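If you want the building blocks of each chain, they are given just below.
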Amino acid sequence: NAGVTQTPKFQVLKTGQSMTLQCAQDMNHNSMYWYRQDPGMGLRLIYYSASEGTTDKGEVPNGYNVSRLNKREFSLRLESAAPSQTSVYFCASSGLALSGELFFGEGSRLTVL
Amino acid sequence: QQQVKQSPQSLIVQKGGISIINCAYENTAFDYFPWYQQFPGKGPALLIAIRPDVSEKKEGRFTISFNKSAKQFSLHIMDSQPGDSATYFCAAYSGAGSYQLTFGKGTKLSVIP
Chain A
1 NAGVTQTPKF QVLKTGQSMT LQCAQDMNHN SMYWYRQDPG MGLRLIYYSA SEGTTDKGEV
61 PNGYNVSRLN KREFSLRLES AAPSQTSVYF CASSGLALSG ELFFGEGSRL TVL
Chain F
1 QQQVKQSPQS LIVQKGGISI INCAYENTAF DYFPWYQQFP GKGPALLIAI RPDVSEKKEG
61 RFTISFNKSA KQFSLHIMDS QPGDSATYFC AAYSGAGSYQ LTFGKGTKLS VIP
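Chains as they are written, first to last, in our numbering: chain A, 1 to 113; chain F, 1 to 113.
Any given hint could turn out to be false.
Stated by the list, open to error - Subject to a maximum C-alpha distance of 20 Å in a straight line, what follows is the list of computed SDA-like cross-link-like pairs (lysine to any residue):
#1 F:Lys105 with A:Phe10
#2 F:Lys5 with A:Leu78
#3 F:Lys5 with A:Val60
Stated by the list, open to error - Facing chain F, from chain A, some residues (calculated, C-beta under 10 Å):
#4 Thr7
#5 Tyr33
#6 Leu78
#7 Leu98
#8 Gly107
In case anyone wonders, no lab produced these hints; they're calculated from the structure.
If you're wondering where the values come from, they're calculated on a predicted model, not measured in any experiment.
Every residue, glycine too, gets a C-beta built ideally from N, C-alpha and C.
Bound conformation, chain A alone:
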């Protein structure tokens, strides 16, 4: 079982460029999430999707957009990257709708120059 798969694992962007982080889960989970992790800041929720067809803002949504493409896939888009978006991004899913029991991917390390 792959669990939660994120691509790419590493990416370097220039300020103003756009990119999309991809996430897919094979556990038939209903809910999916995007977090960012910064040193000393813990994990902060960017967006989440309770179920296919719905998305909601989390704690730090500014500068990001998301798409719940189907039950398996949840993508995160940076339209115009800024250095403040340099971070490690984690996708997660949960079997129970909107629960605290999350399964995380291995992360995508993004550097914006």
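Please arrange chain F on chain A, whose structure you already have, making use of the hints.
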């Protein structure tokens, strides 16, 4: 507003010793308290969790102690091993209203031989 305060930021313990990480929360609506373990280069993984109707939960060498009146909970790692060296995050979840899973800022544990 930090709703889950975690301490210490870092912890060094001798092999065989007891590691203790503490967390305090503010929101009395929280009703699920998970701990996540993260190894370098990996995503967080659920380690152990507790609900507020019990004061203690033990799984192997890992124990959560929960004090509802003080709004505090802690993770104890007995007989700490070098393989336990990781970053630990406490979290608190509320199922009421909008989705809310709040993480502490993490504790980096180093177990030295």
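Which numbered hints are broken by the structure, listed smallest first? 1, 2, 4 and 6
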